[in-house]
Amino acid sequence: MNLIMHLRINADRVIRLLLLGYLALVFFFIFTPIVTSIIFSFNSERFPTIPLGSFTWKWYQTIYADADVWEAAKTSIVVAISTSILATLIGFCTAYTDFRYQFRGKNSYLVLALLPPTIPLIILALAMLAWFSRLGISGKIWTIVIAHTVLCAPFAMAVIRLRLQQMDPDLESAAWNLGASEWAAMRNIVVPFTKSAIISALCLTMAVSFDEFAVAWFVSGLNKTIPVIILEILQGNIDPQINAIGTFVFVTSITLVIIAQLFFILRSPKQPTHV
Amino acid sequence: MTWRLPVIVWQLLFFVGPLLFMIAMSFFLVKNYRMVEAFEMTSWIKMFGKGYFWDSYFFTLALAAWATIVATCVAFPAAFGLAFKVSDGTRRWIIFLLIIPFFTSYLVRTFSWYVILAESGVINNILGYIGLGPYTMLNTRFGTMVGYMTLTLPLVIILQTLSMANVDKNLIEAAQNLGAGRFQVICKVIIPSAKVGLIIGAVFCFILSFGDFVAPYYLGGSKPPTLSILIIDTTKSGQQWPRAAVVAVMMTTTLMIVAFTAIKLAYSKKT
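Read top to bottom, the protein sequences are chains A and B.
Counting from 1, one number per residue, gives the positions in the first sequence under my numbering.
Counting from 1001, one number per residue, gives the positions in the second sequence under my numbering.
Bound-form chain B, shown alone (with noise of 0.2 Å):
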């Protein structure tokens, strides 16, 4: 009890306490531009009233799909690449340089973006060179597709990795040796054997997106904003703490209703 106790006291104080709180404030209101403790639910119908709050929380939820899509599908070759073409040794150095991205500051490679896809910026620079361009990358879709890639594909392939390293070999060389083909092989045995490494990959990649609020709002232009660029808006700007509350907890919602789905779907028995 010595060695539990702490920890459910510090996690029930200071991560428990503040969303829960989150919650609470979500029915707070604001009376001359201070928050006044209540219970109503005026902040919710204010925010369900509003379009731009659906707007928003369907485009957040279309960008996050589609960046899990994108990030599950580019990663898929490179971790199959990695889990049977090279050896164990070789295999974890390239996953020590895959966690290099995560201490560099996601910010600096942002930035980083901006300035090689920016109208002037270093590609336009270089097409212009062979009569090409000037494209528009930035404020774009595409600009937070890669924003979002810059923040996700290290992870994504480095579970996708070490779920299919994991992959039995035997079970591959007996569906080799029944006939399996190539590509039967991929989809009959390593998906399947490795699936609940895959869908862990797509959920992770699937929150970050969801949460993130640099790329949307650095690279994709912010139009229309996304949830947690919403949530900034609403906190520094309009003090309406309360309806950024809201936000939270549909993002929250949201979020949990996606990773269970997703873990129940990783856990079935079914293939």
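Excised from the complex, chain A in its bound form (with noise of 0.2 Å):
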């Protein structure tokens, strides 16, 4: 019985090292491409070998004499800044209903409010490039905009609503009957409860804003954007710069999700009192 017990425990010491040394070759397949990039983004050789060439500037240089790049880069942001106020404005909205009124169709709602996601952005992207040019506003930056609003407002309402479930119901009918207007409730208790999720919502939406490229791709006509940039590069041919841009891009990314999460961890871990 000792014997059975101790082999046991030794298997189940073995199976959980196994299990181990898989995740790790998993996390070296996941993590490869990004970190091959950012090595071959420093390195002088045109087409990268092993062992690499000597450590250069050479490609961030060449991006950083680009008006091309420096013009994709001012449309990446004014878009992706547009679009994360206007996403956070609509999924906070949309969280709010979900967690406040109950009514007929509610299922129906939510549905329409969180699909997009779902579709494929190539079908969205054609979709979208077809009704701009229908409604005769194809081409101009803000139906990117429009765009990733629809794409990214999903996320930024599962954020909001997921903070939203931490906030007492109760609190907002104390304060109405307290004689506080519905927006004086909105704007002195849900607002400042939510405001962490509000703020990564902002930061999560920039980023998937600042990474697409599909959509922008179809829709962007003229107005490049950084992802856009990127994709036509690729068709060309080998060219590190693309280590450079997608380096630049990744530390843009990383730092809003950071921030991002930050916010959602250290949100004000008090409970606001109960009344």
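Incorrect hints may have been included.
Here are the in silico distance ranges between beta carbons for each label pair [to be verified]:
#1 A:58 with B:1141: 56 to 66 Å
#2 A:35 with B:1009: 40 to 50 Å
#3 B:1119 with A:142: 40 to 50 Å
With a straight-line Cα cutoff of 30 Å, these simulated DSSO-like cross-link-like pairs (lysine-lysine) come out [what the hints assert, rightly or not]:
#4 A:106 with B:1264
#5 B:1236 with A:74
#6 A:140 with B:1031
#7 A:106 with B:1195
Derived from the structure by calculation, the hints contain no laboratory data.
From the three backbone atoms N, C-alpha and C, an ideal C-beta is built for every residue, glycine too.
Mind assembling these two chains? They're in different frames, but the hints should get you there.
Printed below as a string of structure tokens:
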């Protein structure tokens, strides 16, 4: 009996090690392309080989000197910021509606609000392009903003809805009973309570928009964003510039995601006092 | 109503509107390189009569199905390890790490794989030192699959991990106390309890692979083109928007059938 127990515990240990080793392998697969691109962005050889060439800044200097890249960066930033504000606003409305109200057709309402990420980007891209052309507004920067907002709002909704889950639903009615208007209750209770989630949502949607290429490629016309530039370089030859731009985008997005995470994790732990 | 109305109007105008217009567009005509609004079956008949459309259709379907099977099987042991063999704190950190790929450009990661897998790329380079290769990995199904996994694996692992971590630990202990072996516990307790999450992970993998054009184009060599590449070709070079719309409507319909079937399966009572 003792021996069997002993064997079982040993087998458990072996299985655990095997699983963790496997996990490490999967992580290696997932992070290889990311690490490779960062390394090769500093590599002097045009065609990446092992052993590496010497350290260089030249790909960064190339993109720094490229007016198209600057123009695209400007477009990307404008689009990402506008998208994040609009998407977070819409996400907030949806999340609050879901939290506060019961009404007929609520399920259809939620499906309508949450469906966009399940439609393949290329289909959304074609549909948006055709629709904007029909409305006669294609090729404007703000059409990218509209398209990205549709895409990003569900993510903002999810983040804010999770936070609202932690709010005591009676808190708001208490404020109304004490004579606060709906707007005052919203401004003084709901918004402060969800502030961390709102900041998270702003960062996340900004990062998603900053990275999106399919819809932006179809809709953008002459106003190219950074990912569209990457796509165009990719269609040409092997060009390590991609690694440099990619690393730049990576650093930007990751900064945004980390800020989002920090606000999500460090959100005020103290629950509001019950009334 | 103040909170509902703006969202409804926005979604109708910029989400439902474009999709409905795309369906309508599939019945339009193209005359002298210009699109004319009409209600004709021309594009549908044209596309359905083309052998290459059906080649693409079944090729894309098969690729996405393979990607779903591969991702589900590759992710499962990893998610299992994460759900049961590490502490809660470690798991949270690892899930945070798994979110990072979503915010690195998929295009750049694909380009990295291109460089790694190429005939004179990193892998063949290293293999060359021990006298192996070169192997052709680009422009093959293998290349496409590597791309699909880059796109979908992190998400599938996260969804599987979350669903398995939520399996009631008492249930597992009860099964063990009743004498169930490891394999039995996995098949009879964990997989049925985590079914919804496992299936949702698979569905997302299918949707993403089915719609992706980057992996099959840059790593798979686009022979034959997948449906999404077909959409790009017909829109960008051919100006045949109605035909592209036909392809898109077919894709959406297929995805909806797959998703609904899967969700039905996920919530069915039978295990």
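ask   = Under the criterion that the straight-line Cα-Cα distance not exceed 30 Å, is the pair residue 106 of chain A, residue 1195 of chain B satisfied?
value = Satisfied, since the Cα-Cα distance of roughly 26 Å is no more than 30 Å.
key: 40 to 50 Å as the expected CB spacing between residue 1009 of chain B and residue 35 of chain A, which holds or is violated   = Cβ of residue 35 of chain A to Cβ of residue 1009 of chain B: about 45 Å, so the range 40 to 50 Å holds.
query = If you draw a straight line from the CA of residue 140 of chain A to the CA of residue 1031 of chain B, is it 30 Å or shorter?
reply = 26 Å, holds
ask   = Could one say that the CB atoms of residue 1119 of chain B and residue 142 of chain A fall in the range 40 to 50 Å?
value = 44 Å, holds
request  = Evaluate the given range 56 to 66 Å for the C-beta pair formed by residue 58 of chain A and residue 1141 of chain B.
outcome  = 36 Å, violated
task = With a cut-off of 30 Å on the C-alpha distance, tell me whether residue 106 of chain A and residue 1264 of chain B pass.
result = Roughly 21 Å between the alpha carbons, so the hint for residue 106 of chain A and residue 1264 of chain B holds.
request  = Measure nothing beyond the straight line between the CA atoms of residue 1236 of chain B and residue 74 of chain A; if it is 30 Å or shorter, mark the hint as holding.
outcome  = Distance of about 25 Å is within 30 Å: holds.
In summary, the structure is inconsistent with hint 1 from the numbered list given earlier, while agreeing with all the others.
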